[in-house]
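**Student:** Residues per chain, in single letters:
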Amino acid sequence: MSEQTVERGITSGAADAGAASAARAGAGGPTASTGAARRSGPTPGARLGRLADAAWRPTLVLLVIFAVWWFVADREYIANYLIPTPAQVWEKLTSEWDFLLENSLITLYETVLGFALAGAIGIASAVLITYSPTMERSIYPIVLFAQVIPKIAIAPLLAVLLGTGLAPKVVLAVLIAFFPVVVSGVTGLRSTDPELLDLSATMGAGPWKTFRKIRFPNALPHLMSGLKVAVTLAVTGAVVGEFVGASEGLGYVLLLASGNLDSALLFADLILMSIIGIVLFVLVEIAEALLIPWHASRRSGIPLTTS
Amino acid sequence: MTTAPSTVAATRTTGPAVEMTDLSVQFRSKRSRTVALTDITMRVEPGEFVSILGPSGCGKSTLLKIVAGLVRPTTGSASLMGQQVTRPQDKIGFIFQRAALLEWRGVRKNILLQAEMRGLDRKEAGRRADQLMEMTGLTGFENALPHELSGGMQQRVSLCRALLHQPPVLLMDEPFGALDALTRETLNTELNRIWRETGTTILLVTHSIAEAVFLGTRVEVMSARPGRIVRSLPVDLPAERVYADVMADERFDRLAAELRGMLGSGANH
Numbered sequence: 001m002s003e004q005t006v007e008r009g010i011t012s013g014a015a016d017a018g019a020a021s022a023a024r025a026g027a028g029g030p031t032a033s034t035g036a037a038r039r040s041g042p043t044p045g046a047r048l049g050r051l052a053d054a055a056w057r058p059t060l061v062l063l064v065i066f067a068v069w070w071f072v073a074d075r076e077y078i079a080n081y082l083i084p085t086p087a088q089v090w091e092k093l094t095s096e097w098d099f100l101l102e103n104s105l106i107t108l109y110e111t112v113l114g115f116a117l118a119g120a121i122g123i124a125s126a127v128l129i130t131y132s133p134t135m136e137r138s139i140y141p142i143v144l145f146a147q148v149i150p151k152i153a154i155a156p157l158l159a160v161l162l163g164t165g166l167a168p169k170v171v172l173a174v175l176i177a178f179f180p181v182v183v184s185g186v187t188g189l190r191s192t193d194p195e196l197l198d199l200s201a202t203m204g205a206g207p208w209k210t211f212r213k214i215r216f217p218n219a220l221p222h223l224m225s226g227l228k229v230a231v232t233l234a235v236t237g238a239v240v241g242e243f244v245g246a247s248e249g250l251g252y253v254l255l256l257a258s259g260n261l262d263s264a265l266l267f268a269d270l271i272l273m274s275i276i277g278i279v280l281f282v283l284v285e286i287a288e289a290l291l292i293p294w295h296a297s298r299r300s301g302i303p304l305t306t307s
Numbered sequence: 001m002t003t004a005p006s007t008v009a010a011t012r013t014t015g016p017a018v019e020m021t022d023l024s025v026q027f028r029s030k031r032s033r034t035v036a037l038t039d040i041t042m043r044v045e046p047g048e049f050v051s052i053l054g055p056s057g058c059g060k061s062t063l064l065k066i067v068a069g070l071v072r073p074t075t076g077s078a079s080l081m082g083q084q085v086t087r088p089q090d091k092i093g094f095i096f097q098r099a100a101l102l103e104w105r106g107v108r109k110n111i112l113l114q115a116e117m118r119g120l121d122r123k124e125a126g127r128r129a130d131q132l133m134e135m136t137g138l139t140g141f142e143n144a145l146p147h148e149l150s151g152g153m154q155q156r157v158s159l160c161r162a163l164l165h166q167p168p169v170l171l172m173d174e175p176f177g178a179l180d181a182l183t184r185e186t187l188n189t190e191l192n193r194i195w196r197e198t199g200t201t202i203l204l205v206t207h208s209i210a211e212a213v214f215l216g217t218r219v220e221v222m223s224a225r226p227g228r229i230v231r232s233l234p235v236d237l238p239a240e241r242v243y244a245d246v247m248a249d250e251r252f253d254r255l256a257a258e259l260r261g262m263l264g265s266g267a268n269h
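As given, the protein sequences belong to chains A and B, one line each in that order.
Letter 132 of the first sequence, counting from 1, is numbered 132 in my numbering, and no numbers are missing.
Letter 24 of the second sequence, counting from 1, is numbered 24 in my numbering, and no numbers are missing.
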């Protein structure tokens, strides 16, 4: 419908302004509110429907895996001290809830702190690398070096250097999580259309304004992808940090459980780690949806006019 | 119709709006040296509409970028409003072939980018943005995002953005090259009206003979590699151009035929 009205707008020449308003009416809404209305998305009902449509397949797969697990463990095809039954895991989760919650919160805290630092350091490095060739030559090799060292291998070293407290876990989370932030940040900042930079120059804008209004927003879609990878890696970093010289946290509980052959506790622990990762990932996804609703990866709207 | 904004160009200058003297540009790569432009001398008076016509790859875009201060000439010099161009110029409005809009901003905010970057008064700029949107038929699309608009509408936004600060000189680099013929005609008619209403000096780069003649008060013809100006033809048509009338005018036919002949021979150099 909007296609036809705009077609008319093109052919009618001088009366184009009039035709454009016809196209606007055709697109179905009064003046200024159309933009907002268009972007506010579908109704709650439709959204629920889409969610159900997206969720039923993975749910089914999970249920099948769960059923197999239950079947194998319940019949003791594999010994219970290796694979506990879901009921045993649930029992452990509820009976040890206070202990598990306390340790989950510690790991969560380390992860969030590590992720935040990785984000800040990563973005700052990306900016430096993009703007200064000298910095690119001096920082990039170090960034790469920090990435290729097996993080698990340096965990004992960190424990020696930084003690057994919070610091080594956070440092490990930062080390493991900041690489994707740097890479995605550099890619994003460099992907600015050169014409936009030319345009900015003819507007008399300085480098800071160009960064704030053009380069950074333009880099956000890439950056958000990097942050999504980083947040899941930060969990790994924190847990690996807890493997060495820790007396609390889910990583420590994992060692404890496997040492005691307490497979139910081990499974409960794994479930909690996964939950932390998923919850943080979803939070970053939500941040992404709020920050870049305009990006192609997040669009659902139909064009107002055709070319 | 909105009232015509005051003509900045007319109040400020006595000399030429744009002047290029013996310009040449060479691009050097490791292996070769390409002469992109050579012997360019051109004078554009305030209020003129100069069409720069040439085959693709003749360096016409580079010419505009030199005037804007985005590319430095190898030899020769350019001046804008009586001042030597040595760095990016902000006394201009620049329009690219692609609209070059910020995809995260709505139409109105895209236009207002010009004001934000220059630190202009917000209220004043807002009023002028509304005026320009009305003039170009964008009213009602204030909050639409670029991807929701057609190519023609996007280029209208770009035009409004380039006009927001009332620049004395407007540089247009094949602005309608990517549009379909009908949209192009509409926008040409609008551009002619905007030029008459604002009194802005316009340099338009194009490879369409019809567009060059329809819009220009003068057509500068360039040859291909190395690009230089082979002819300068005044367009002997009234300032107000109506598409059907111009197309039916025999002066248009004559000019277009002459230009076509020149481009043919120019390409053989």
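Treat the hints as calculated values from the structure; they're not laboratory data.
Hints should not be assumed to be uniformly reliable.
[Unchecked claim] Computed list of lysine-lysine pairs in DSS-like fashion (alpha-carbon distance at most 25 Å, straight line):
#, chain 1, residue 1, chain 2, residue 2
1, B, K91, B, K123
2, B, K91, A, K209
3, B, K109, B, K123
4, A, K213, A, K228
5, A, K213, B, K30
6, A, K228, A, K151
7, B, K123, A, K228
8, B, K91, B, K109
9, A, K209, B, K30
10, B, K91, A, K213
11, B, K123, A, K213
[Stated by the list, open to error] Quick partial rundown of chain B residues pointing at chain A, CB under 8 Å, derived from the structure:
#, residue
12, S32
13, V35
14, I92
15, F94
16, F96
17, R98
18, E103
19, W104
20, L113
21, Q114
22, G126
23, M247
24, E250
Given the structure is predicted, the values throughout are model-derived calculations rather than measurements.
Positions of the beta carbon are idealized from the N, C-alpha and C atoms, including for glycine.
**Student:** So, for every hint listed, does it hold in this structure?
**Tutor:** Right, here's what the structure says about each hint:
1. B/K91 - B/K123: 21 Å, holds
2. B/K91 - A/K209: With Cα atoms ~18 Å apart, B/K91 and A/K209 stay inside 25 Å; holds.
3. B/K109 - B/K123: This hinted pair holds, its Cα atoms lying about 13 Å apart.
4. A/K213 - A/K228: 23 Å, holds
5. A/K213 - B/K30: Judged against 25 Å, a Cα distance of about 35 Å means the pair is violated.
6. A/K228 - A/K151: 19 Å, holds
7. B/K123 - A/K228: With Cα atoms ~40 Å apart, B/K123 and A/K228 exceed 25 Å; violated.
8. B/K91 - B/K109: Holds, because 21 Å separates the two Cα atoms, which is no more than 25 Å.
9. A/K209 - B/K30: Violated, because 34 Å separates the two Cα atoms, which is more than 25 Å.
10. B/K91 - A/K213: 21 Å, holds
11. B/K123 - A/K213: OK: B/K123 and A/K213 at ~20 Å, within 25 Å.
12. S32: Result: violated, 22 Å to nearest chain A Cβ.
13. V35: 23 Å, violated
14. I92: This hint holds: B/I92 lies near chain A, its Cβ roughly 6 Å from the closest one there, short of 8 Å.
15. F94: Nearest chain A Cβ about 5 Å off; hint holds.
16. F96: Hint on B/F96: holds, closest Cβ of chain A at ~5 Å, below 8 Å.
17. R98: 7 Å, holds
18. E103: 6 Å, holds
19. W104: Holds: closest Cβ of chain A sits about 4 Å from B/W104, inside 8 Å.
20. L113: 7 Å, holds
21. Q114: 6 Å, holds
22. G126: Violated, because the Cβ-Cβ distance from B/G126 to chain A comes to roughly 13 Å (cut-off 8 Å).
23. M247: 12 Å, violated
24. E250: Constraint on B/E250 not satisfied, violated at 22 Å.
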